[in-house]
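Colleague: Could you put together the complete structure from these sequences and hints?
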Amino acid sequence: MWEYTDKVQQHFMNPHNVGELENPSGTGDVGSLSCGDALKLTIQVDDNSIITDAKFKTFGCASAIASSSVLTEIIKGMPIEEAAKLTNEDIAEALGGLPKEKMHCSVMGREALEAAIADYRGIILPMAEGEVVCECFGVTDLEIIRAIQESDLRSVEEITNFTKAGGGCGKCEDRLREILQQTVEGLTTEKLKPIKIQRMTTLQKIKKIEDVLEREIRPTLKKDGGDIELVDVDGDFVTVSLRGACSGCQSSRTTLKEYVEKKLREQVVDTLIIEEDK
Amino acid sequence: MDCGSDKVIYMDNNATTRIAPEVVDAMMPFLTDCYGNPSSMHTFGGQIGRAVEEARKQIGDLIGADPAEIVFTSCGTESDSTAILSALQTFPEQRHVLTTRVEHPAVKSLCENLGQLTGHKHRVTRLMVEADGTLDMDRYREALSEDTAIVSVMWANNETGVIFPVEEMAAMARERGILFHTDAVQAVGKIPINLKENQIDFLSLSGHKLHAPKGVGVLYVRKGTPFVPFLNGGHQEGGRRGGTENVASIIALGRACELAGENLAEENSRVKALRDKLEKGLLTSIPKSILNGHPTDRLPNTTNVSFEYVEGEAILLHMNQYNICASSGSACTSGSLEPSHVLRAMGVPFTAAHGSIRFSLSVYNTEEEVDFVLEKMPAIIANLRAMSPFWKDDE
Numbered sequence: 001m002w003e004y005t006d007k008v009q010q011h012f013m014n015p016h017n018v019g020e021l022e023n024p025s026g027t028g029d030v031g032s033l034s035c036g037d038a039l040k041l042t043i044q045v046d047d048n049s050i051i052t053d054a055k056f057k058t059f060g061c062a063s064a065i066a067s068s069s070v071l072t073e074i075i076k077g078m079p080i081e082e083a084a085k086l087t088n089e090d091i092a093e094a095l096g097g098l099p100k101e102k103m104h105c106s107v108m109g110r111e112a113l114e115a116a117i118a119d120y121r122g123i124i125l126p127m128a129e130g131e132v133v134c135e136c137f138g139v140t141d142l143e144i145i146r147a148i149q150e151s152d153l154r155s156v157e158e159i160t161n162f163t164k165a166g167g168g169c170g171k172c173e174d175r176l177r178e179i180l181q182q183t184v185e186g187l188t189t190e191k192l193k194p195i196k197i198q199r200m201t202t203l204q205k206i207k208k209i210e211d212v213l214e215r216e217i218r219p220t221l222k223k224d225g226g227d228i229e230l231v232d233v234d235g236d237f238v239t240v241s242l243r244g245a246c247s248g249c250q251s252s253r254t255t256l257k258e259y260v261e262k263k264l265r266e267q268v269v270d271t272l273i274i275e276e277d278k
Numbered sequence: 279m280d281c282g283s284d285k286v287i288y289m290d291n292n293a294t295t296r297i298a299p300e301v302v303d304a305m306m307p308f309l310t311d312c313y314g315n316p317s318s319m320h321t322f323g324g325q326i327g328r329a330v331e332e333a334r335k336q337i338g339d340l341i342g343a344d345p346a347e348i349v350f351t352s353c354g355t356e357s358d359s360t361a362i363l364s365a366l367q368t369f370p371e372q373r374h375v376l377t378t379r380v381e382h383p384a385v386k387s388l389c390e391n392l393g394q395l396t397g398h399k400h401r402v403t404r405l406m407v408e409a410d411g412t413l414d415m416d417r418y419r420e421a422l423s424e425d426t427a428i429v430s431v432m433w434a435n436n437e438t439g440v441i442f443p444v445e446e447m448a449a450m451a452r453e454r455g456i457l458f459h460t461d462a463v464q465a466v467g468k469i470p471i472n473l474k475e476n477q478i479d480f481l482s483l484s485g486h487k488l489h490a491p492k493g494v495g496v497l498y499v500r501k502g503t504p505f506v507p508f509l510n511g512g513h514q515e516g517g518r519r520g521g522t523e524n525v526a527s528i529i530a531l532g533r534a535c536e537l538a539g540e541n542l543a544e545e546n547s548r549v550k551a552l553r554d555k556l557e558k559g560l561l562t563s564i565p566k567s568i569l570n571g572h573p574t575d576r577l578p579n580t581t582n583v584s585f586e587y588v589e590g591e592a593i594l595l596h597m598n599q600y601n602i603c604a605s606s607g608s609a610c611t612s613g614s615l616e617p618s619h620v621l622r623a624m625g626v627p628f629t630a631a632h633g634s635i636r637f638s639l640s641v642y643n644t645e646e647e648v649d650f651v652l653e654k655m656p657a658i659i660a661n662l663r664a665m666s667p668f669w670k671d672d673e
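Residue numbers (my numbering), protein chains in the order written: chain U, 1 to 278; chain D, 279 to 673.
Honestly, the hints are just simulated from the structure, not real lab data. Be careful, since some hints might not be right.
Covered by chain D, per the in silico footprint, the following chain U stretches (three or more residues, Cβ under 8 Å) [what the hints assert, rightly or not]:
1) 13-19
2) 36-46
3) 87-93
Computed from a prediction, not measured in an experiment: that's the story for all the values here. Positions of the beta carbon are idealized from the N, C-alpha and C atoms, including for glycine.
Modeller: Okay, here's the thing in structure tokens:
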């Protein structure tokens, strides 16, 4: 069970400002159903640039709902200039803190606010102009740099906890490490703590396996008139299907174990187990 | 500490169960006066040994085993590891393990880590399941090979309650001279089991899933089945499992098995009727709710229902306000970004997997409790849906 603060529980059980404003001055729509959380924030801004009203709709866990609720409370009555300076840390602090794995819920709140303000101002978000680093969750380098700076992040794992970047296919992990290195060097001369090697997610594995299959294994098998196809990856188990001359070949087991498994272990993770789909 | 057990509506019995009061009574003397070591030569200890043997018999009676086929362990996980690793050591030339995609982590993780344990010598096949969580027996038959050292398939799934035809599967393995293990942790005490009438070689069970305490389990080892111990040590358990016996818990497990035998009919009539009422009530009163798992090939106490467009952790915490205890297969409850491996193997879409709730009942549940849950659930789901940007009222 998560250790939620009383404040999180209050805002989750009795969320404030649930709903959607009619004819809002600005709307911020972030997240998606498949990601497991999403937030739609609508704000009303008056002639003096004060946020007079805010409402939200959220799909997600307790901390996602609580973050959305507390966010609307913070920004109501706030000049838009001031609201634009809100950080995810401000949201998490207003809740008395969040479990570290749930910090991305506070970031989702800040992102929705930014999107709503940009919509009100009729401008394109600077974040959207950055280079998309994590394609799975659509996170740009500017967003990542900002999270590193604001929340003093020091590892790729922390970046994932805060922004979700790297939590999908993980293809961007090297790039995240690079951004982390550059950003932290810019902040301080203090040496970086050694970065722990991450466990790969299934999506990360699939991408890497496909890559090795395409680059090395397939060309070799094709020389003998065979081919290979990736069927499924679940944890360390990789199911493949042998095609062409390889299917039904007496030595296909040897090919799988001695060649395919060896190559994939060398280049992806050394614990992979290859199974043939029959 | 006061944990409020008198207030909760406990429908999470596949996670753990309440220790039956009769079981507490039976084990108490062994936590107080009767502290002797069963291996001792004196009467004070020796009599404890006789009590342990009585418990062995009570367990055997529930599952149709001889007392000599019962080996006490510390938990279901230890029983699973012992059985599988024993088979791999017995047949070092056989390099294939056959299991399923929906096993409990006790078997799943062991199979995933076999590479490190045996130096990547083993190949593991994990059978796919159908959309209703059942197995395709043709695929199973094809997957059995001369190289297979052991088959390990759970008797009933902990998340959905779906029952696998392990007796038929064990017979098919036996025909080919392959050892068969079943993790029956969820099945024992809920459905009739008679090991005299099938060819299962190893069976794991766990005390705390059938109203005995945590920290005690059993591995059934069929007479004549080759066996290599997991824990080496003293001569306890006939040299099959070293370590001084967890006497009080063993006595408790014996009594719990006796009670389970007495309650088996009620489990499959009254408890099943309660489960059916709960399930039907939820599915009819809450739109966009889906049953996960086969409608009939299922444990009598378990139901797993998905509520689309809402998230499981949020549902559970709302239920918690009414002291209703259940579980979810959502990603958020585990801290990972992916929902339950069982629901994913069944191909449950993300819209539904994130909002899955498992209710698992026991003989201690009442109809009033089921009615209370049915009264509260529609509003919980409706409130969360009202908050969800994906939910449209006209659906």
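Colleague: Test coverage of the segment 36-46 of chain U by chain D using CB-CB distances below 8 Å; three residues minimum.
Modeller: As far as the segment 36-46 of chain U goes, the hint holds, because 5 residues have Cβ atoms under 8 Å from chain D.
Colleague: Establish whether the coverage given for the segment 87-93 of chain U by chain D is satisfied; the threshold is a Cβ-Cβ distance below 8 Å, and no fewer than three residues must meet it.
Modeller: violated (count 0)
Colleague: Counting residues of the segment 13-19 of chain U that have a beta-carbon nearer than 8 Å to any beta-carbon of chain D, does the count reach 3?
Modeller: Three-residue rule met by the segment 13-19 of chain U, so holds; n is 3.
Violated hint: 3 only; the structure is consistent with all others.
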